[in-house]
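Q: Residues per chain are reported as follows:
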Amino acid sequence: MKNGFRQSMAWLHTWTGLLVGWLLLLIFMAGTASYYREEISRWMRPELPSARVSTDVAAQRAIAFLQDKAGNAEMWYVTLPQPRNPAMSTFWRVPADQADPSKGRRGAFGDATLDPNTGGELKARDTRGGDFFYRLHFDLHYIPVYWARYLVGFCAMFMLVAILTGVITHKKIFKDFFTFRRDKGLRSWLDFHNVSAVMALPYHAMITYTGIVTLMVMYLPWGVKAVYPQDEDAFFAEAFGGLPEVSAPAEGRATPLPIAQLLDSARAQWNGIDVAGFTVSNPGAGNAVIDIRQRDGKRLSTDTPALRYDMVSGALLEASPPSGGATATRGVMYGLHLARFADGGLRALFFLSGLTGCLMVASGVVLWAVKERPKHAKRGRVGFGLRLVDALNIGTVAGLPIAFAAYFWGNRLLPLDMAERSGAEANVFFYAWAAALLAAFLWPKRLMWAWQLYIGAATFALVPVVNAFTTHAHLGVTMRSGDWVLAGFDLSMLAFGAVLALCGWRMQRWTPPLSAAEKKKRAAAAKAPAAPATTSADASV
Amino acid sequence: MRHSSERASFRPSTFFASERWGVLSRSLAAIVGGYALASMTSVFCAVALPTARGQAVLTGMLLAIVVAACSALWAFATRSALRAWVGILGPTALLAAASRLLGAWA
Amino acid sequence: MTLFALTLSFSAFTALSLAMEKHPQDLHGAAAATPARRARWRVLGWILLAVALTLCVVDHGWAMGPVRWLGALTLSGVPLVFGLYPYRPTWIAPLAIALPLVGLVAALL
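Chains as they are written, first to last, in this note's numbering: chain A, 1 to 541; chain B, 1001 to 1106; chain C, 2001 to 2109.
Some hints here could point you the wrong way.
Said to hold, decoys possible - Think about it this way: if two alpha-carbon atoms lie no more than 30 Å apart in a straight line, the pair counts; the simulated BS3-like pairs of lysine-lysine are: (1) A:Lys378 - C:Lys2022; (2) A:Lys184 - A:Lys520; (3) C:Lys2022 - A:Lys519.
These are computed hints drawn from the structure, not numbers from a lab.
Go ahead and model the full structure; you've got the sequences and the hints to work with.
A: If you want it as structure tokens, here you go:
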């Protein structure tokens, strides 16, 4: 550009941010919500009891269920109850000759979600729970997953460039570190955007880069193709390889050792770290082996260490090999993005940083409109570009929260035995967002901002009320029984409602700043009454 | 009068001199060229790094993301759209040639 | 321990903001912003940040520790800049002293 370096970076920052800002807002909001996807899922299936049994008892019950339901399987995969997720999930594969032909390709597989308290299958409403938000933020919805991931990756690259150019452009990044001047219009919006970006800058850069890393094998397959020309499976084995393949089932049956004993061996190997789940290969056969996976929480990387034991003798056969440098690095990047290791306090910090990111993106797109508007004031009417941005801003910044709250309303209000219920819940989210966007496009004015913010506030604040009318897991019950996951969810709904209401109120009360001429007139009027008083005083003297 | 005659005659020299084409050209350089450079970076790392094959491939990918972002910055910071393209496609070609020499796509 | 690190971060940021020209002027007028005083605030601020980082690393290791520390910085910085400086500047100094004491008590309990 003919402009200087900083100016061209400023231009690039504006356009990389603006062109994908609204989609980024969806990705950021859904991603931030995903930090609590297990908790959201629990709230959305209030029928799910919390796990009251130990991991070992749960494991015994899972094995008993699988011996009964899938005794002929060649592989059982079990995820044990975790502190944040009380259900057990099981998954199995039967030999190809015993597959169910009516189910086509999936005929060899089966799965069940179990209640560890009973050992039986879980009966809860059909919902995707918090996983809807998790999938939404990289698979989007209604479009093929591949397209969505390329689109999201494209937006993430734009975001990465926006972060880099933002830092380059922000001349006084250290001087303005604590600067926020309120009630000063454009200046305030710029300060807000800057501070929300800088105060969580390591987080924003990390989450964007690591997000791209999670799907980098899909985005950049060329290295694999160049170096593994015929045999891409070898790449996956070499780069991510865990335990080796299991041999075919041997003849003859043998009784395996009690599962608790096997799990304890693993815990001893890991100096007390607990078990996340296990995979049994060739269950019931003489050469049955069990791969026990380590629980999250003590390591940054998502690469899960596993131990392989002989189920009959209890001997330790294999341990996950140590990772290569790049594999370990990628594992840590992936781990930082998913934050599975994060416990209560740290998870809250990640969530708040994610919210700060949403504020950064939102303030950015609003800032552009605020800056652009005076150029249109001379003409007396708003041009097409600004009108489009105004509508998208209102419909997304204020409209998306409405969609999020509507999703929770749908979970409580849709009939429990409805067909395709989880799909219907997702549709509620998008219907609400579409309605907000449509309303915004029809009338992109300040009062529409206020109305949508108020509607968002109401839909959020009323979630606990809808909850009370439709379930027995409302605040009155959950606070008394100390179920802080469910109570915390309801209380968070109230908090979001309050914040949105405050925003709506400020939008409604805003008055345009006075022009210089108007200010002079008012200053003169304020001085005028004083003049006669002085003259009369003089006169008396 | 002058305005209408300017609009009536299409003069390529003034039409293409408009800022818009520069922006479009740089954007293509950044997006398409940047992706090409990133891809060649990942291939080059995969064949050139002295570590195990799988590790070299992964390292190449991690690096390529950064290269793509920097390409975008270069495309808009440099003096002209032509320099943007040369600065991106030049290294891309070099890396491709070097990778071929080192055994890529054998 | 996390609460102590968090509150120390808040005080650290308060000190660092006072090390600039702008903020002590807003709070106490031009006289408060002498270069000597500002340098002292800067040193104190960085020391407190280092202590907060140390606490996080001691408690959670070199992997999780820095992650927690960065999160603590965000969580303490945002209310200071968006909440206190624009709306309740007189609360800043008392909070910068009281909060770490609360955090220390919580850590010792």
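Q: Against each hint, give a clear statement of whether it holds in the structure.
A: Now the hints, each set against the structure:
no., hint, in the structure
1, A:Lys378 - C:Lys2022, "violated (35 Å)"
2, A:Lys184 - A:Lys520, "holds (18 Å)"
3, C:Lys2022 - A:Lys519, "holds (27 Å)"
Checked against the numbered hints listed earlier, the structure breaks hint 1 alone; every other hint is satisfied.
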